[in-house]
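Given the coordinates of chain A, work out where chain B should sit on it, guided by the hints.
Protein chains: 2
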Amino acid sequence: MSNLREAPIGVFDSGIGGLTVVREIMRQIPQERIVYFGDTARVPYGSKSGNTIIRYSCQDARFLKTRGVKAIVVACNTASAYALDALQKEMDVPVIGVVKPGARVAARESTGGNIGVICTAATAGSHIYRKYIQSLRPEAKVFEKACPLFVPLVEEGWRKDPVTRIVAERYLQEMKDRRVDTLILGCTHYPLLRSTVGEIMGDHVTLVNPAYETAIELKELLKRENLENQGDSKIDENPYEFFVSDEAERFRAFADSILPVDITTARRIPIEEY
Amino acid sequence: MSNLREAPIGVFDSGIGGLTVVREIMRQIPQERIVYFGDTARVPYGSKSGNTIIRYSCQDARFLKTRGVKAIVVACNTASAYALDALQKEMDVPVIGVVKPGARVAARESTGGNIGVICTAATAGSHIYRKYIQSLRPEAKVFEKACPLFVPLVEEGWRKDPVTRIVAERYLQEMKDRRVDTLILGCTHYPLLRSTVGEIMGDHVTLVNPAYETAIELKELLKRENLENQGDSKIDENPYEFFVSDEAERFRAFADSILPVDITTARRIPIEEY
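Sequence lines, in order, name chains A and B. Numbered according to the numbering used here, the first sequence terminates at residue 282, and the numbering increases by one at each position without gaps. Numbered according to the numbering used here, the second sequence terminates at residue 282, and the numbering increases by one at each position without gaps.
Isolated chain A, as found in the complex:
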């Protein structure tokens, strides 16, 4: 058991967006080791079909399992929307996604039950946020909106740019018209656009970042299952390991701009073989 407590947490995402979840885990439970896998060769998942998302997500989790992880975090809304059930069935370690933690806090904290979700086309098509929020708060109204240009705009480095502002105004108009009181940033890239989205929606709208809520849920899960690392990961030489499916340079540059630690190594692995 002590061995398992010292095992790392596995985190995967379709690419680099999941690093916003890693950032929250590092902040909230700094004593834990992390193994991250980003499927940078097959990114994005948000425009793919459910079956393909499930197939790819299971390969991602199987790879993490080979690294001896004690729990798996699906740090991608699209993969959480489609693959969480399949992963929980296949894996013999706890698996949590980002959708339920985000949905739960929105259902609890929405003042008027008018909740918006901005996300990928695949996540919107799954209606998973609506289903889960309404299972907790049946009278809630949930509006899901795909914003396909947000990810490429973030990846182009145009986080604070007039173009991004215009695109965001157009995508968010429907949310303003519907007078949502709470807006879920339902894609792991979107917290990087938080200030633009916040300015457009206004102070009276609560923005929910599922990455933050997921780190809290992970912390509680580890406690409940007696899986908390009792030591200090920082004495470990390499507490954070990063793997990708395409070459690592671009990943490293982006990771360095998001994470509070240096990504000294990121290794490519052949994900199709898992």
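Hints may contain errors.
A pair holds if it fits inside one copy or across any two, identical chains being indistinguishable in the list.
Claimed, not checked - With a Cα cut of at most 25 Å, we get these calculated SDA-like pairs of lysine to any residue:
{"id": "1", "residue 1": "K153", "residue 2": "A261"}
{"id": "2", "residue 1": "K97", "residue 2": "R232"}
{"id": "3", "residue 1": "K149", "residue 2": "R41"}
{"id": "4", "residue 1": "K73", "residue 2": "R202"}
{"id": "5", "residue 1": "K168", "residue 2": "Y179"}
{"id": "6", "residue 1": "K139", "residue 2": "E255"}
{"id": "7", "residue 1": "K153", "residue 2": "A256"}
{"id": "8", "residue 1": "K73", "residue 2": "E207"}
{"id": "9", "residue 1": "K149", "residue 2": "P278"}
{"id": "10", "residue 1": "K97", "residue 2": "I62"}
{"id": "11", "residue 1": "K153", "residue 2": "R258"}
{"id": "12", "residue 1": "K73", "residue 2": "D189"}
{"id": "13", "residue 1": "K227", "residue 2": "R75"}
{"id": "14", "residue 1": "K153", "residue 2": "S265"}
{"id": "15", "residue 1": "K139", "residue 2": "E236"}
By construction, these hints were calculated from the structure, which means they are not laboratory data. None of the values given here were measured: they were computed from a predicted structure.
Just chain B now, with coordinates in the frame of chain A:
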């Protein structure tokens, strides 16, 4: 030999952009049958590394080979930039890409030898257009510029939109500053933005669409190799076949907006197995 003459032409692309090449082939050599494969599960290639692009492209071509094609057209600038040599080595049928036909006409027709290329990040990074143009016209100046937002803007359906116009103006400013006289639309999605690009660059700049030049080169190749279909493909019940690696609905909708024929069927195949 008569059998081979009646065999279809294989065309592949990372996704849907290659349909602009199919459209030109249909126009210029309507008697030929076509088998198209779009790697919609793994799209885009333009942000991936060279090695991954080669691996995926070889799988795409191997699949086409199982359909009995007599020649293969790499209808993707990124795949042409990285994988053409590997494909020509591996395949026992002629393989042509879109880069050389586009580069050749630009080198020949540029009035002042000042040539711009707009393309994906991977194509720009390969400098293949510059190398090939300068091999034909050593004094030419070639400026390559990645425009990563063009593909998502086209796929969002914002072909003629103020946002696309602003983004295009920003991307193209460098080309205007350098006073290019010829601009290659070096990604198969970009002909769909032709009118916006043309308006910004002005009438004095020649726009080169490699899809058009590739269809001409294909026609000449078939003639030279005695591979022309002597019959009429239109009497065939199903002269055009479409395959994809992800589910087919979205592909079908986009294809219907580009091609002059109805895409009645598009089938999903497991491309990782080729």
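Q | In rising order, the numbers of the hints this structure does not comply with | A | Numbers 3, 4, 8, 9, 12 and 15, in rising order.
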